[in-house]
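Student: With the hints as your guide, set chain B onto chain A.
If you're matching them up, the sequences are chains A and B in order.
So the first sequence is residues 1 to 214, counted in our numbering.
So the second sequence is residues 1 to 164, counted in our numbering.
Calculated from the structure, these hints are not laboratory results.
Where hints are given, some of them may not hold.
Examples of chain B residues toward chain A, derived with CB under 8 Å [to be verified]:
1) Asn18
2) Thr42
3) Ile71
4) Tyr74
5) Leu106
6) Leu128
7) Ile140
8) Gly141
9) Val145
10) Lys155
No more than 27 Å apart at the CA atoms, straight line, and that leaves these computed lysine-lysine pairs for BS3-like [said to hold, decoys possible]:
11) Lys131(B) to Lys47(B)
12) Lys118(A) to Lys121(B)
13) Lys33(A) to Lys51(B)
14) Lys12(A) to Lys157(B)
Here a beta-carbon is modelled for each residue, glycine too, at the ideal position from N, C-alpha and C.
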Amino acid sequence: MDELELLKKDWKKDEDTKYPKLSYNEIYKMILKKSSSIVKWIFIISILEFALWTLISFAFKNTDYNKRFESYHAENIMIPFLILGYIILAYFFYKFYMNYRTISATDSAKILMENILKTRRTVKHYVGFNLIYMAVSAFVALGIQFDRDEDMISLVEKASANGEAFKFYAITIVLTLVFLAVFIAVILGFYYLIYGILLKRLNKNYKELKKLEV
Amino acid sequence: MNKELEHNFIEELEKNQNIVHKVCRIYTNNQEAHNDLFQEITIQLWKAYPKFRGDSKFSTWMYRVGLNTAITLYRKRKRSIKTEEFDAFQYKISSEPYDDTEEEQLKLLYKAVHQLNDIEKALVFLYLEDKNYKEISETIGISEVNARVKMNRVKNKLRTILNP
Chain A
1 MDELELLKKD WKKDEDTKYP KLSYNEIYKM ILKKSSSIVK WIFIISILEF ALWTLISFAF
61 KNTDYNKRFE SYHAENIMIP FLILGYIILA YFFYKFYMNY RTISATDSAK ILMENILKTR
121 RTVKHYVGFN LIYMAVSAFV ALGIQFDRDE DMISLVEKAS ANGEAFKFYA ITIVLTLVFL
181 AVFIAVILGF YYLIYGILLK RLNKNYKELK KLEV
Chain B
1 MNKELEHNFI EELEKNQNIV HKVCRIYTNN QEAHNDLFQE ITIQLWKAYP KFRGDSKFST
61 WMYRVGLNTA ITLYRKRKRS IKTEEFDAFQ YKISSEPYDD TEEEQLKLLY KAVHQLNDIE
121 KALVFLYLED KNYKEISETI GISEVNARVK MNRVKNKLRT ILNP
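This is chain B alone, in the form it adopts within the complex:
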């Protein structure tokens, strides 16, 4: 029974692991931190899995647990985990060539996103993932109206960082 649960969980996570990588991408800016957060989210997902009833999609549920771990539960480890498990990994801005100004802008944008606070990062992340305001508000626990207002403020903030 337990083995079956474990097996189902690992299969689902293997299939949907990009969601976790993307949360890590928003909240960390180096490989070691990425791996560490990935590890903690995986543990939190596994701990919460027995209560996952399947009334929402596995991926939807992952967004919640992933963000909750990044925002609230995660504490940096003193001792880092081995990085060899994640070979040859780096964030790169898309392989397709952009024109220079666009690429420069993207670099600045990613940098600007990393300067946002934890809640603002969550909003940006969910927006980038095409979540609607209802889902955003439910994941974070604020009203839909407030989510919209805050998102507009974040957009303005990013604009100011880019065009000072």
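Chain A extracted, bound-state conformation:
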């Protein structure tokens, strides 16, 4: 006999007696409990990510560095930069929320997985955008400092007097690059960790479904 038929025979036997019977009250107690589903975790972690980047930008506002920056009168560059940042935050958040709302346990397994992955992808893109935004702002800020910061200008003049202007620029730029690279690497490492833990099983099952289509 076919293995599955044998299994089915046993599966169907005593169906009414071999499983526990929960009472009305037991079920009622269950629906009052909190879910621990992956979607809930994804939602919490995503909100934390949005909050974290917003906090970073606010925390930066009160530093001495920023106060000093204000004295350069570079508002015509920095304000549009800031506004762009907020518009993009709003866009990503809206997209994330709309994707999140489409997640429904009543869809087919594949659609459900796709919708969850889409939600996560939006947050991933937002993080990617932030890293690029950060790198670009760092260089714009550096450019403004070269142009307007008095300490910086005097350092450049000193270096030029020794004929080492090029060396000075090169070292400053390379240091900025190294600092950015380390920072980005740490953040990316952190993300791979979160992703690994959060989405390992989902990715595996989704790949299995995709494989069936080939």
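Tutor: Coordinates of chain B only, in the frame set by chain A:
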């Protein structure tokens, strides 16, 4: 209104709870895990219930939500729920006596099913529940042809596990 919804839901679930137990049986292999998954499926069913329009049978809808929870949504809890709610519960192979080889084979078969991956388990489960390929393909989200092909592969896989 909300009370009525709640009441209808609990009554339907109480009547059809075997479906949830059976999903748990396929996806877990101890009592604690069974209870935990049962709890999560119940919560997911309740959350999805307001959107249940009755254009399919309650039981059909339960298969979807149940499997989606087992495959995708469920995350193991660190802190387990109390097991006393489910007294004296164990899986046993049917009470009617089989001959020894058959019983041995069944034990091996259940063990083999637990070694399958999450998607394969879903296919086996729906097959054991006498679902046709159309329903299987709609629940999982693959084409009917692919569901058939995959099911044959699963059968072969089980055969190899049993007769190495």
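Student: Look at each hint and say if it fits the structure.
Tutor: Each hint tested on the structure:
no., hint, verdict
1, Asn18, "holds, 5 Å"
2, Thr42, "holds, 5 Å"
3, Ile71, "holds, 6 Å"
4, Tyr74, "holds, 7 Å"
5, Leu106, "holds, 5 Å"
6, Leu128, "holds, 5 Å"
7, Ile140, "holds, 5 Å"
8, Gly141, "holds, 3 Å"
9, Val145, "violated, 10 Å"
10, Lys155, "holds, 6 Å"
11, Lys131(B) to Lys47(B), "holds, 25 Å"
12, Lys118(A) to Lys121(B), "holds, 25 Å"
13, Lys33(A) to Lys51(B), "holds, 20 Å"
14, Lys12(A) to Lys157(B), "holds, 22 Å"
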